[in-house]
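K.L.:
Residues per chain, in single letters:
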Amino acid sequence: MILNSDKERFTRKFKDFSDFDTGNELYHLLPFRFRRIANNRELLVNDWGDYLLVDNGVVDKLVNRRLSKVLDAEVYHDLLANFFISEKPVPSLIDLISTRYRTKKSFLDSFTSLHIFVISLRCDHSCHYCQVSRVSADKHLYDMNEQHIIKGIEMMLMSPAQHLTMEFQGGESLLAFEKIKFAVQLAKQRAEDKNKILTFVICSNLVPLTEEILEFCKEYNILISTSLDGPSYVHNKNRHRPGKNSYELALSGIFRAREVLGEDAVSALLTTSSLSLQYPVEIVDEYFNLGFKSIFLRPISPYGFAVKNNTKNYYESEAFVEFYKKALNRIIEYNLNGHFFREDYATILLKKMVTPFPVGYVDLQSPAGMISSVIVFNYNGEIYASDESRMLAEMNDYTFRLGSLDTHEYNDIFYGSQSKAYSEALLNESLPGCSDCAYQPYCGADPVLHHATQGDMIGHRPTSVFCHRNMALFDYLFDLMQDKRMERIFRNWITGTHA
Amino acid sequence: MDVYNNCIEIFVPSQYNMQVVHKCLYWFTGKYDIEIIDAVNGINVKISPLNVPFKEDEKNEIRIRINKSLIDYYLREQIQKETKTIRELIIAKAFSHFDDEIIPESLVSDPIGFDPHKLSNDTK
Ligand code: SF4
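Taken in sequence, the protein lines are chains A and B. Quick note on numbering: the working numbering labels position 473 of the first sequence as 473, and the sequence is numbered without any gaps. Quick note on numbering: the working numbering labels position 117 of the second sequence as 117, and the sequence is numbered without any gaps.
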């Protein structure tokens, strides 16, 4: 080891404050945004996502150069250490700051990884919030044909991403199990040739589940994602099927799948409906009692009949936030009683707030995750920018249709004029409202939702359900985090450990 | 509805530029109709609720909220102006493809006790 003869450098003791005093009170601001939050606090968030909570008035003092290095020593050094100010015009650690910024955007490095194959539109359910499925036995009309499956796989494997996820959706995907079998076997073989790592996911209501299907899933390590809307009196009302037994069949499917594939291979997703809003505690209890370690409280999807009714959507968004807070409080209660049970949406937000890493969640990315993180191959060979885009198409809105597997090549889809046309709505850094918002580094853009609800991809933030919901949830989480017990629980959720 | 009673006027002094005023008032456009009119030494803003009568206490509350928000947007503008160059530099560095190893010029000594400058020279 090479040692320095300068004695000063050997000491590990902290230096005195005066050692760092440059003799003047000048400092330089680094890029950050701020917001006033509860308890008379100001929240400062810099461009790379570090945050600092300070007392009201600090930002004013800071900007107007009334913050003293001596009199406000504690907050001054917090600001300095967390890169909100610098004592040099260009901070000494600018490379570190740039690396932090790059890391936050590193979800862009791998490009599109999630590939959704809408393998069939057929379904035995007629859920009132679903616009896409067809209660029809016509396989030829509503199942993906083999040519489209082959072309879809080829296009998927052209992605620069090393890790790819191939997700089968419907309708009810398992009604076309033979097609899934064909697709999985072909994709696995082709992925091995190209040295790609593939994860398979089947989204299903589990009604058509058989032993043969489970054995196949086991052989190919396929994950199962199902729908569970809560207790039977919510689930069966949301998810209609002949026999009114969707809940009972989903539960039996979950247990059988867990037995064969293992607990971790089976997850359930909640779709919140207007009815669900009345049962936050009951829904959380249902998931907990069924042995799930987490629950994803997904917001009400506005891709229903009332999609362009902005006032109704906004009202439902307010009701959802109330529902969410009650449900989250119940989940926290379980954690305070010593259980590990987390809420997935909060975990995504928290990871963005307290870790330097990005989170691969397409709805909360800037640039938005459509195309660059997810792509959808529809049952008829058409290609869409996201799952919600193909739902819009079922309502005769083809704004986000990128082309077809029959007529378009990889470059036409991913770098073509159609995908470029969305670009100005993809970055929340430059969107009205967002560009000044403290939550911008944690939030997303979601042009599809804004187009669907407001008729404009850029959107109007003061009436946006997306903005309203996320702002309310960020506020609530920052509020909760001021309690040390909550902070500990949230850190367990982020790391996935139970301390 | 009495149109004259259903509207308030706020005078914004010229120290707030138009961009600050726009950014501030943007957040009120979900519930209010906003009219911005140039005036001597500042800007006049007319505010009325969309399709509902203006309640008296709401009028006062809106005035206070707008005045507070103007100050905040003024501060935000200062921050943005001052940090524009360093923000561009950080982003440019983050996405540049150069792989130059730059030794940080810093007063902070290495915490485990050796000089990074010397180490990098001696090991070359
Ligand atoms: S959508 Fe709303 S909460 Fe999210 S960054 Fe934009 S203004 Fe902020």
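Among the hints, a few may not be true.
[Unchecked claim] Pair ranges (Cβ atoms, derived):
(1) B:M18 x A:T495: 44 to 54 Å
(2) B:E88 x A:D397: 31 to 41 Å
(3) B:E35 x A:N245: 34 to 44 Å
(4) B:R65 x A:L53: 18 to 28 Å
(5) B:R63 x A:S225: 46 to 56 Å
(6) B:R65 x A:P89: 30 to 40 Å
(7) B:E35 x A:H339: 47 to 57 Å
(8) A:P242 x B:K59: 36 to 46 Å
(9) A:D109 x B:K55: 46 to 56 Å
(10) A:N39 x B:K55: 40 to 50 Å
(11) A:P242 x B:E35: 54 to 64 Å
(12) B:R63 x A:N39: 16 to 26 Å
(13) B:R65 x A:F111: 39 to 49 Å
[As the list claims (entries may be wrong)] EDC-like, lysine to aspartate or glutamate: derived pairs with alpha carbons at most 16 Å apart:
(14) B:K68 x A:E42
(15) A:K293 x A:D344
(16) A:K61 x B:E77
(17) B:K23 x A:D436
(18) B:K23 x A:D78
(19) B:K84 x A:D406
(20) A:K326 x A:D285
(21) A:K151 x A:D344
Honestly, the hints are just simulated from the structure, not real lab data. Glycine included, C-beta positions come from ideal geometry on N, C-alpha and C.
K.L.:
Would the hint linking A:K151 and A:D344 be met if the CA-CA limit is 16 Å?
P.N.:
Measuring from Cα to Cα gives roughly 34 Å; hence the hint is violated.
K.L.:
Cβ-Cβ distance between B:R63 and A:S225: within 46 to 56 Å?
P.N.:
holds, 51 Å
K.L.:
Using the Cβ atoms, figure out if A:D109 sits within 46 to 56 Å of B:K55.
P.N.:
holds, 53 Å
K.L.:
Please verify whether B:K23 and A:D78 have alpha carbons no more than 16 Å apart.
P.N.:
violated, 29 Å
K.L.:
Does 40 to 50 Å hold as the CB distance between A:N39 and B:K55, or does it fail?
P.N.:
Given range 40 to 50 Å: violated, Cβ gap about 28 Å.
K.L.:
Between the beta carbons of B:E88 and A:D397, is the distance compatible with 31 to 41 Å?
P.N.:
holds, 38 Å
K.L.:
Look at the Cβ atoms of A:P242 and B:K59 and judge whether their distance stays inside 36 to 46 Å.
P.N.:
violated, 57 Å
K.L.:
Verify the CB-CB distance for B:E35 and A:H339 against the hinted window 47 to 57 Å.
P.N.:
With Cβ atoms ~55 Å apart, the hint holds.
K.L.:
Hey, A:K293 versus A:D344, does the alpha-carbon distance stay inside 16 Å?
P.N.:
Roughly 10 Å between the alpha carbons, so the hint for A:K293 and A:D344 holds.
K.L.:
Between B:K84 and A:D406, is the straight-line Cα distance small enough, at 16 Å or below?
P.N.:
Answer violated: B:K84 to A:D406 is near 46 Å, above 16 Å.
K.L.:
Regarding B:R65 and A:F111, is the given constraint of 39 to 49 Å on their beta-carbon distance met?
P.N.:
With a Cβ separation near 43 Å, B:R65 and A:F111 satisfy 39 to 49 Å, so the hint holds.
K.L.:
Using the beta carbons of A:P242 and B:E35, state whether their distance is inside 54 to 64 Å or not.
P.N.:
With a Cβ separation near 58 Å, A:P242 and B:E35 satisfy 54 to 64 Å, so the hint holds.
The earlier numbered hints that this structure contradicts are 3, 8, 10, 18, 19 and 21.
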